[in-house]
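Line by line, the protein sequences are chains A and B. Position one of the first sequence corresponds to residue 1 (this note's numbering), numbered consecutively onward. Position one of the second sequence corresponds to residue 1001 (this note's numbering), numbered consecutively onward.
Keep in mind the hints are simulated off the structure, nothing from the lab. Each hint can be trusted.
Footprint (simulated), chain A over chain B, 3 or more residues, beta carbon under 8 Å:
id	segment
1	1088–1098
2	1108–1118
3	1257–1265
Here a beta-carbon is modelled for each residue, glycine too, at the ideal position from N, C-alpha and C.
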Amino acid sequence: MKHLLWIPLLAVPFVVHDNVVLTILVFTFIAGILAVSFNLVFGFTGQLSLFHAAAFGLSAYATYLSMIHLGISFWLGMIVGVLFVTLISVVIGAICFRFNLRELYFAIVTLAFSELIRLVILNWNSFTNGSLGINFTLTPTLWVPGRGVIPVTGTLMWYYLSLVAVALAVFGYSRIVHSWMGRCFASIRLNDELADTLGIDVFRYKLVSFVAGNIGAAIAGSLYSFYISYIDPNYFSLDQSLAIIAMALLGGREFVAAPIVGALVLTALPHVINVNAEARLLIYGLILILTILLMPRGIVGLLARQRRAA
Amino acid sequence: MLQLVVGQLLNGIIVGTLYAIIALGVTLTFGITGIVNFALGAFMMLGAYVTWYLSDGAGVAYPIAVPLAVACIALLGLLVDQALFRFTRNNLINGLIVSIGLISVLVAVVLMIWTTTPQNMHYVLPGVFRVGGVIVPKMKAVVFVVLLLVILFTYGALTRTWAGRAAYAYAQKPEAAALMGVRTGVLQAGVAAYAAGLAGLGGGLYASLYSITPEIGSAYILKGVEAAILAGIGSIMGSFVGGIIIGVAEGVGSIFLPSAYNDAYGLVLLVLILLFKPAGLFANR
Chain A
1 MKHLLWIPLL AVPFVVHDNV VLTILVFTFI AGILAVSFNL VFGFTGQLSL FHAAAFGLSA
61 YATYLSMIHL GISFWLGMIV GVLFVTLISV VIGAICFRFN LRELYFAIVT LAFSELIRLV
121 ILNWNSFTNG SLGINFTLTP TLWVPGRGVI PVTGTLMWYY LSLVAVALAV FGYSRIVHSW
181 MGRCFASIRL NDELADTLGI DVFRYKLVSF VAGNIGAAIA GSLYSFYISY IDPNYFSLDQ
241 SLAIIAMALL GGREFVAAPI VGALVLTALP HVINVNAEAR LLIYGLILIL TILLMPRGIV
301 GLLARQRRAA
Chain B
1001 MLQLVVGQLL NGIIVGTLYA IIALGVTLTF GITGIVNFAL GAFMMLGAYV TWYLSDGAGV
1061 AYPIAVPLAV ACIALLGLLV DQALFRFTRN NLINGLIVSI GLISVLVAVV LMIWTTTPQN
1121 MHYVLPGVFR VGGVIVPKMK AVVFVVLLLV ILFTYGALTR TWAGRAAYAY AQKPEAAALM
1181 GVRTGVLQAG VAAYAAGLAG LGGGLYASLY SITPEIGSAY ILKGVEAAIL AGIGSIMGSF
1241 VGGIIIGVAE GVGSIFLPSA YNDAYGLVLL VLILLFKPAG LFANR
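The shape of chain A in the complex, shown without the other chains (with noise of 0.2 Å):
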């Protein structure tokens, strides 16, 4: 039944024509990927990380690094960037939960931890041209029926590669969270101590999930990038952090694909309600602390309870 909302969503562009409204679909869905994947580490396991941002970022370096050094193609650069996020989330992850870093402290490594990177990919200026970034031309190609490989430029290609990269996305989470594995995810959210007295391999679990949830990162990180067409170092800031916390707080925590409503609200705010980037700022932060304080389900959380007593 759920799963039947996405088919309006295919009908969009033949309704819709004004390129502003399905280019804020277009970032609502990448950010959507980004969201929805923090959720499983924040929302379905309880860990707080601070290195989304991270992961996000170090793909789409290594996406378009990878591209002119090796001289590969687009798909193939995103998976050298979901393979080295995979390697340096399995890394960082295992140092963390082997040490049985919790709440604040893992927090705080993940953030030291993107921190270091960030300070790397800022002063290696040979290699990823510091504080400036990269702003490039290439484009992902695509093999479209009756038209051969070609490459994916204008609003209504992206749209329709993001809207399946966040379809897959979602129902690549939700058959994690739906899983034996999932439940495994909840009960450490839950009381981890007692899920290991359970016998559930807590540092097994925790690690899938911290991982699982940056390729999802890598691939938001690696399309991103690429429908921007520039990366810099900002893609690691603080604030890329703020923003992906903010999106699944205000969708929602407890469903695989409410952080997207969140992703939506938050990047059309600007454009409904047109303000600067210190406006911006402002109510983020005011969304975050209103959300907490009193809506601590998010939008989606207080649609399904409303219904529910309905």
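Once you have looked at the hints, place chain B on chain A.
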């Protein structure tokens, strides 16, 4: 070379006390309210701006501007504690997220009023001390002495006064403290305001030494939290030593490595401490 090392060592100690004052606030709020208030960095940044505004904008003498700024920030700390953090007591994740949200709000407000342009205050106390070949600006020495006195005062107040011992008792066992007549609500609000005031003081003194930008808050809160965890959260003098360690590591490290990597020392130290001695260097309680 020796001069350079000694100079950087002294410089590191002075910057370290600025980290320490933030770390002290972090430790106090964590001990009493059970949350880590990342917004203390933003309070420090605001303290710097208010001091600069009072001193250069409104023409108040610097020694009066600083206490005024401290009072403003302490009041602000009290207000946000009662309006926001009161509802996230002992809920670490929620408190963390609210404080992160509060940082955005405060930074956004500062950006709207004073933009991103770095602001420089007039020289409050020009001149330097020369000891051997080592040069220490007078103002840096004053900042160090003031901060050191405030940290010692805090330590004394916590161990020697009734309110301080009440705070310690509360940190150990809130219910027992409440039964012994500690008014816990007042204590929590008071500590939140005091920690904010400490951050404001750090900011006010910072303003006399360096350029003020909206980003200083996030840099200093990160160092403050690093210092507090390094020492073992909950330890008063530990947070002082933790701040000094990070400051000195940065100062001396910048002789050997490009200063672009300055922020990395604290991070690396922090990760190592958390992995191998998670209770901190000076954990005793």
